[in-house]
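Student: As they're listed, the protein sequences go chains C and H. Using this note's numbering, count along the first sequence one by one with no gaps and you end on 634. Using this note's numbering, count along the second sequence one by one with no gaps and you end on 381.
Please note that the accuracy of each hint is not assured.
For lysine-lysine, the following DSS-like pairs were computed, each having C-alpha atoms within a straight-line distance of at most 30 Å [stated by the list, open to error]:
#: 1; chain 1: H; residue 1: K329; chain 2: C; residue 2: K317
#: 2; chain 1: H; residue 1: K281; chain 2: H; residue 2: K194
#: 3; chain 1: H; residue 1: K116; chain 2: H; residue 2: K237
#: 4; chain 1: H; residue 1: K281; chain 2: C; residue 2: K317
#: 5; chain 1: H; residue 1: K285; chain 2: H; residue 2: K329
Here are some chain H residues the structure puts well away from chain C; computed CB gaps all over 12 Å [stated by the list, open to error]:
#: 6; residue: F187
#: 7; residue: F191
#: 8; residue: K194
#: 9; residue: F259
#: 10; residue: T262
#: 11; residue: H277
#: 12; residue: T322
#: 13; residue: S347
#: 14; residue: F365
#: 15; residue: G369
Computed footprint of chain H on chain C, listed as stretches where at least three residues anywhere in the stretch have a Cβ under 8 Å from a Cβ of chain H [claimed, not checked]:
#: 16; region: 328-341
#: 17; region: 362-370
#: 18; region: 411-423
Derived by calculation from the structure, the hints in this document are not laboratory data. Given the structure is predicted, the values throughout are model-derived calculations rather than measurements. All residues carry an ideal CB built from backbone N, CA and C; glycine is no exception.
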Amino acid sequence: MNERVEHDRLRTAVPVSGRGPFSFLWLLLPLAVLGLAVWWLIATNPLASFGNGAPPVENITVERTILDHNGIGLLVRAGGSEPMKIAQVQVDAGYWHFEQEPSGPIARGDTAWIRIPFPWIVGEGHTVTFVTSTGATFEHAIPVAIATPVATTSTLVSQAILGAFVGILPVAVGLMFYPALRGAGPATMDFLLAMTIGLLGFLLVDTFEDAFEFAGGSAALFQGPTMVILAAVASFMLLTAFGRREGRPTGLALATYIAIGIGLHNLGEGLAIGAAFAAGAAGLGTFLVLGFTLHNITEGIGIAAPILKVRPPLWSFAGLTLLAGGPAVLGMWIGSLAYAPQWSALALAIGAGAILQVIIEVGAFLAGRHDKGAAGLLTLPVLSGIGIGVAFMYLTAMLVKI
Amino acid sequence: MRRWLPFDLSRRGFLGAGILAAGGAALSARNAAGQATHDHSTMRAAQQASTAGHAAKQDHLTAHGAMMTVGEVDNARNGFDPTAMLTDWDTGEVTKRSDGRTVRTFEVTGEDKEIEIAPGVMFPAWTYNGRVPGPALRATEGDLLRIVFKNYGSHPHSMHFHGIHSARMDGVPGAGVIDPGEEFVYEFEAKPFGCHLYHCHALPLARHMHKGMYGLFVVDPDPARHPDMADVAKSRLLGTPENANWQEMAMVMNAFDTTFDGENEFYACNTVAHCYAKQPIKVDRNRPVRIYLVNVTEFDPINSFHLHANFFDYFDQGTTLTPTLKTVDLIMQCQAQRGILEFSFRDHEPGLYMFHAHQAEFTELGWVGMFDVVEAVS
Chain C
233 MNERVEHDRL RTAVPVSGRG PFSFLWLLLP LAVLGLAVWW LIATNPLASF
283 GNGAPPVENI TVERTILDHN GIGLLVRAGG SEPMKIAQVQ VDAGYWHFEQ
333 EPSGPIARGD TAWIRIPFPW IVGEGHTVTF VTSTGATFEH AIPVAIATPV
383 ATTSTLVSQA ILGAFVGILP VAVGLMFYPA LRGAGPATMD FLLAMTIGLL
433 GFLLVDTFED AFEFAGGSAA LFQGPTMVIL AAVASFMLLT AFGRREGRPT
483 GLALATYIAI GIGLHNLGEG LAIGAAFAAG AAGLGTFLVL GFTLHNITEG
533 IGIAAPILKV RPPLWSFAGL TLLAGGPAVL GMWIGSLAYA PQWSALALAI
583 GAGAILQVII EVGAFLAGRH DKGAAGLLTL PVLSGIGIGV AFMYLTAMLV
633 KI
Chain H
4 MRRWLPFDLS RRGFLGAGIL AAGGAALSAR NAAGQATHDH STMRAAQQAS
54 TAGHAAKQDH LTAHGAMMTV GEVDNARNGF DPTAMLTDWD TGEVTKRSDG
104 RTVRTFEVTG EDKEIEIAPG VMFPAWTYNG RVPGPALRAT EGDLLRIVFK
154 NYGSHPHSMH FHGIHSARMD GVPGAGVIDP GEEFVYEFEA KPFGCHLYHC
204 HALPLARHMH KGMYGLFVVD PDPARHPDMA DVAKSRLLGT PENANWQEMA
254 MVMNAFDTTF DGENEFYACN TVAHCYAKQP IKVDRNRPVR IYLVNVTEFD
304 PINSFHLHAN FFDYFDQGTT LTPTLKTVDL IMQCQAQRGI LEFSFRDHEP
354 GLYMFHAHQA EFTELGWVGM FDVVEAVS
């Protein structure tokens, strides 16, 4: 009660006397100062004294690579301090004709297509070097040249089938353990929830790693690593605030958030797979897909854990499956049709934030199941659950790494 | 930071790869062995398509196909034209001393100048007389030379001549390297006859040479001093009827490192990459050709000259009147090495005959050109 009084006093201490008819003038004053400062900067150009004749800073990032019967097509993004001009293009240390669309200097942050009628060789590597008007060079490596698959209805369908295979199927399989797990005792419940935290912990690290990797390949002006962290924190805060509107999420709500987090992770993975399609990755084998599917089954069990005691309607299982697995299909389509590393980094960063939110919420849910608070987390079922969750994800991830 | 491309050994790469293979399998309902065939046929089709596309475009392009810089260099802005440079000899101002000796005076200035070395690519050069290479100075054996050098550039410069002169005239620090705004007169006798060069010898040497401070320095033999080979000497001596029959050209093989990493981005003959490929050099098939060739390529130990469909006689350093190499189609020159090439297209049908460095890398980076052999040059 005393606290409340203190608050009221503070509130009345805020001066309100300035709110007369001319109080808006106090808004104009700072704006006028700002306007004057801008005018001074433009009118007197104080930066001129810093000019030492140095050439402008230039930067080029290649966002897409298309190899087809016309040769090589590259989508480049300029990141120079001033508009920059690609004057010549080398392929494998030889000058080649090229066409730029749109032509002319490329403004900071803008993109252009560079098309080179180069007879690339299947299975071999090529290096494209851009020479700008200042003579600066920027290299782009094509480690293995393979024709870029063309997106047709049939490839989109096949992508959808495989997206469902790696995204939706394992989640559904995991959720099918639901009836078997329903009879679980408190210790088993603790174990399963803790295992969910473990698998999400693995996904968090994995998602951040991939996000930073994409960020590294994006144009400098996107400030990749900073963007990843800010996007992750923002998505974490937004989802947490949204999830806690009506108290801490439990039951179906918590399962839904887990599904959202996993879904965003799968969207990022889908983008990457789609990009692999677009870039024409070499075929390596079906067992890798099976390995990934096995890897993702744990996700379904994780989603099922919070709803074992609430018996939700049957349709919600379908909804959760689509929420967690569906984005893999969506990501593959987007990735194969329109792709740039910064968007993949952003999607993965949002996913990382979502996963972090779910880890916190599942942890809080787990702690709330006992009256011992955080101390309730230091039990054998919980610690072994986390350990086994991480270990299972880590070991199954080995199946898809070579 | 690792690459984001799917070719690296990361999970997503192999996942995508696996999906490609599995996709093929799922749609065509083939087994694993069938997949391999499927993938190979796709690749072969792509390769054929790629080659076909290339061939179709080649019809519209020159003998070097699409392997060429794009666009044209603005010769007017540069203030020099590589084609005009071929025959633009600077013979100086000739006066007679009281004792009857010929005095030949050249005026050369050192200037900073941004030049266009390939279409759209600017290079902050240091130049003699605003051009790279500098003026092709040409004198006659025995002339007294006075080269008045004024340094309008931003750095100390000099003119170091390959020839015979006194230590005071060497153009090295302490003997003719002058500061911006200063003037120096190099005086010496033109000898020995041959195909020489001059260049700035201020320090750091590689930077001053690579920036563009070099040029041809040709000393023609005096026929009176070589009575046993007077005819050959006359054919070399600029201004004689014998010499007028020859189609003489000045070529300086050079290169530019635009990124300052010790490797050249552009190679050329007379500075502009691909200039003689885009504008072939007209040659009269009925008159012999003589090329004064010098290599000033920085950062590479040697350069070379290869002529297509023909052979030539070569005079290493140009200091002999008989060839030092006979009937060759390729010579190589170390940095600062130079010589004279003599050949003829008399027995050839008209057409385009290529010449280039036979380091394929140099060719592909700009050092390639064509002789357009015609019945008569108008």
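Student: Does each hint fit the structure? Answer for all of them.
Tutor: Verification of the supplied hints:
1. The hinted pair formed by H:K329 and C:K317 fails the criterion: a straight-line CA distance of about 47 Å is larger than 30 Å.
2. The straight-line distance between the Cα atoms of H:K281 and H:K194 is roughly 37 Å, outside the 30 Å bound, and the hint therefore fails.
3. Straight-line distance between C-alpha atoms of H:K116 and H:K237 comes to about 38 Å, which puts the hinted pair past the 30 Å bound.
4. The hinted pair formed by H:K281 and C:K317 meets the criterion: a straight-line CA distance of about 22 Å does not exceed 30 Å.
5. Taken as a hint, the H:K285 and H:K329 pair is honoured in the structure, with Cα atoms around 25 Å apart against an allowance of 30 Å.
6. Even its closest Cβ contact with chain C, about 28 Å, leaves H:F187 beyond 12 Å, as expected for a residue assigned away from the interface.
7. Here H:F191 stays apart from chain C, with its beta-carbon at least about 37 Å from theirs, past the 12 Å limit.
8. Look at H:K194: its CB is around 40 Å from the nearest CB on chain C, clear of 12 Å, so calling it non-interface holds up.
9. Its beta-carbon lying about 7 Å from the closest one in chain C, H:F259 breaks the requirement of being farther than 12 Å from that chain.
10. A Cβ of chain C approaches the Cβ of H:T262 within 12 Å, the least distance being about 5 Å, so the stated non-interface status is violated.
11. H:H277, annotated as away from the interface, has a beta carbon of chain C within 12 Å; the closest lies near 7 Å.
12. Against chain C, the non-interface label of H:T322 holds: every CB pair exceeds 12 Å, the least being about 36 Å.
13. A cut-off of 12 Å between C-beta atoms confirms that H:S347 is not in contact with chain C; the least separation is 31 Å.
14. Consistency note on H:F365: stated as away from chain C, yet its beta-carbon is not over 12 Å from all of that chain's, at 10 Å minimum.
15. Consistency note on H:G369: stated as away from chain C, yet its beta-carbon is not over 12 Å from all of that chain's, at 6 Å minimum.
16. Counting residues of the region 328-341 of chain C whose CB lies closer than 8 Å to any CB of chain H gives 3, so the stated coverage by that chain holds, three being the minimum.
17. Check on the region 362-370 of chain C: 7 of its residues sit with their Cβ under 8 Å from a Cβ of chain H, so the three-residue criterion for coverage holds.
18. Beta-carbon proximity to chain H at under 8 Å applies to 0 residues in the region 411-423 of chain C; the threshold of 3 is not reached and the given coverage is violated.
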